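Engineer: Kindly generate the complete structure, drawing on both the sequences and the hints.
Protein chains: 2
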Amino acid sequence: MTLPGQLNPPSRLLLGPGPSDAHPRVLRAMATPLLSHLDPAFLEIMAETQEMLRHAFQTKNALTFPVSGTGMSGMEACVVNLIEPGDKMVVCVNGFFGQRMVDVAGRAGAAVTVLEQTWGDVFDLGRLRETLQKVRPKVLGIVHAETSTGAWQPLEGLGALCHELDTLLIVDTVTSLGCVPVAVDAWELDAVFSCSQKGMSCPPGLSPVTFSTRAVEAIKRRKTKVQSWYLDTTMIQHYWDQVHSYHHTAPISMIYALREGLRILLEEGLEARWGRHVRNQQALKAGLTALGLQYTAVEGRQLPQLHAVRIPAGVDDAAVRKALLTEFGIEIGGGLGEFKGKAWRIGLMGHNSRPGNVLLLLAALEQCLGAHGAKGSAVAAANGVYKAS
Amino acid sequence: MTLPGQLNPPSRLLLGPGPSDAHPRVLRAMATPLLSHLDPAFLEIMAETQEMLRHAFQTKNALTFPVSGTGMSGMEACVVNLIEPGDKMVVCVNGFFGQRMVDVAGRAGAAVTVLEQTWGDVFDLGRLRETLQKVRPKVLGIVHAETSTGAWQPLEGLGALCHELDTLLIVDTVTSLGCVPVAVDAWELDAVFSCSQKGMSCPPGLSPVTFSTRAVEAIKRRKTKVQSWYLDTTMIQHYWDQVHSYHHTAPISMIYALREGLRILLEEGLEARWGRHVRNQQALKAGLTALGLQYTAVEGRQLPQLHAVRIPAGVDDAAVRKALLTEFGIEIGGGLGEFKGKAWRIGLMGHNSRPGNVLLLLAALEQCLGAHGAKGSAVAAANGVYKAS
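Chains as they are written, first to last, in this note's numbering: chain X, 3 to 391; chain Y, 3 to 391.
These are computed hints drawn from the structure, not numbers from a lab. None of the values given here were measured: they were computed from a predicted structure. Be aware that one or more of the hints could be misleading.
Which copy? The list can't say, so a pair holds if one copy fits it or any two copies do.
[As the list claims (entries may be wrong)] Calculated lysine to any residue pairs in the SDA-like style (CA-CA distance at most 20 Å, straight line):
hint	residue 1	residue 2
1	Lys90	Ala162
2	Lys225	Gly111
3	Lys227	Thr291
4	Lys389	Pro87
5	Lys225	Val245
6	Lys344	Ala321
7	Lys225	Pro87
8	Lys90	Asp105
9	Lys287	Ala321
10	Lys227	Gly108
11	Lys287	Asp123
12	Lys225	Gln239
13	Lys62	Gly111
Structural biologist: Structural data, given as structure tokens:
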């Protein structure tokens with residue numbers, strides 16, 4: 003066969019729903035020579051990574067580690083460890099990723115009740131209480147940051163409600179960790195999964211998870227084995243804890259990367275990072291609004307790190323995204339599910355949430371929208387926000 | 003919390019059972035800025051990687067791709083896609099990794115029949131035929147290169163036998179791909195999994211798999227969904243094939259790495275690579291034999307890439323391995339399962355199968371064995387092989 007040429011990808015600025023660009027320090031960490039997964043020096047790196055991950059998740063949970071797969075493997079890990087065949091589970095669906103959790107839960111043998119909400123809107127505590135009282139499920143699953151709609155689900159009080167009714171709470175923080183607060187202990191979340199390639203500014207390949215004591219106790223009471231050997235926390239925990247017994251070969255380089263991504267996060271500080279995401283959100287929103295674009299998520303529930311906006315009538319979705327990519331090297335995302343062909347998704351996640359990226363995106367988008375857009379006002383609107391803040 | 007220092011792992015030469023050192027060109031590829039998983043430029047990189055992977059597996063199978071997890075996720079992918087609850091499966095166990103397949107199969111709901119063989123020995127076709135005729139299973143699972151014993155299972159004729167009896171053949175090539183021949187089409191293997199961190203000289207994080215047309219047809223005839231959403235090939239294939247529909251975010255950097263590892267493999271050529279592994283095997287074996295060490299695998303069935311030897315009576319396993327690691331920066335592996343504390347496992351895999359590594363390991367091991375070893379003869383014995391070949 004013909005040998006393909008040297009790896010030489012085009013330069014991109016990844017402002018879609020993820021992956022987001024990895025931080026340059028993280029990319030350097032990726033090139034570090036390997037240690038073995040049981041080397042004493044690597045065990046130390048693991049412990050440091052876990053401790054920083056607990057800080058990012060705002061938890062003291064012992065069972066906190068990155069699953070050796072991408073974000074969806076973390077969703078599956080949370081579900082298959084908590085669910086045994088026949089267990090009742092309520093899944094909240096207000097977007098594409100809630101729907102996915104329904105599929106994952108069904109494959110784990112859960113008796114699933116779907117609680118639906120309009121895409122772009124969020125669930126309120128009253129309705130959740132009503133459903134939990136009626137169904138009395140073992141597990142409730144909900145998405146913190148719906149990547150398909152840009153909606154930001156409030157979680158305050160939900161953990162306490164679940165525990166009052168003997169329910170365990172699984173939360174999808176794939177698009178929230180490292181961008182907005184994820185207070186695992188304060189909010190009493192039981193099983194939480196995220197990813198490496200968004201707010202953490204690492205390449206895709208890991209799914210950080212954390213399990214509460216309540217979740218660990220529930221796993222101990224299982225009558226059946228976890229259906230996935232690869233994702234079985236009862237074995238994986240003994241690799242990550244003091245026992246360090248071999249389960250599978252950890253993805254060494256990805257853990258180097260996550261460690262560096264977490265160091266960068268801690269150097270900045272959680273509060274400062276959240277504030278930066280909000281500041282750039284305000285500027286981008288001012289610009290997108292000046293371009294006449296409307297958000298798919300309801301006002302007051304819009305994620306700072308993911309702006310999903312409706313594609314204006316008469317605008318060619320594919321042509322605009324292609325022009326952004328080929329002319330300016332900028333990627334934004336198209337719509338998913340119900341919003342396929344109807345929305346764009348613009349991400350400002352982790353390292354990529356920067357004023358320069360906001361101005362560049364707005365300037366380029368204004369060019370690509372041409373006659374459909376406003377007249378030079380987007381960049382000015384964003385700059386107005388930066389000058390005032 | 004206290005911020006851990008900059009990533010600064012000690013220098014190691016990884017001559018254990020894996021991970022093996024990544025090739026320097028692969029490490030550089032890991033540091034390449036990201037593309038998104040649906041970028042046209044990345045889709046091209048995927049297609050090139052698939053085509054080279056087919057070459058490495060010696061197959062034309064359309065469904066050939068790297069699973070987004072480490073080697074064990076590939077084992078699970080093969081099993082859960084082929085097995086439905088209640089299906090009969092025979093698993094051949096002559097070491098630690100065969101035992102694992104029994105566990106994985108049981109979790110998938112298979113009615114498992116275990117066929118055992120002494121650790122270090124291999125299975126013969128006659129016995130396999132007898133078992134298949136008696137059990138008539140849907141699937142037979144076997145390990146090509148048993149990493150726990152160093153035994154090399156012959157596979158010629160086994161696929162034809164399975165197909166004569168309507169059985170699908172799953173093969174674990176985790177420790178064989180890129181080191182010794184893996185002739186997927188010629189040997190009629192149906193579902194084959196490997197890893198990135200051994201013969202491919204990449205970091206751990208991917209599990210290359212390939213499924214025959216026969217396996218794909220069997221998956222199409224399933225009455226139930228694959229129990230794992232993350233590993234469901236009926237969906238993953240549409241991301242890798244021309245449809246390119248989103249399933250999960252691929253681990254971009256690891257695919258960059260695998261592409262580079264495959265380019266290096268193709269530049270060298272399969273035959274040359276296999277020959278290199280045999281040449282270095284002969285030299286290492288001469289040296290280890292001069293040190294009085296005995297192989298755990300039977301004569302004639304010893305893997306070129308993994309030398310498992312019994313620890314001599316009176317030698318302190320942990321002390322020798324610790325001295326190798328701390329004095330000389332060399333990692334070798336301890337025993338697993340039945341061989342825990344009784345064997346060492348020395349790997350010469352992919353890029354690490356080099357004369358310099360053989361001499362260094364022998365010289366260092368001779369030092370560490372001290373009074374228990376021979377007297378300066380190991381390096382000379384290995385050099386004798388190099389001079390003659």
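Engineer: Quick one: which hint numbers does this structure break? Sort them smallest to largest.
Structural biologist: 3, 4, 5, 9 and 13
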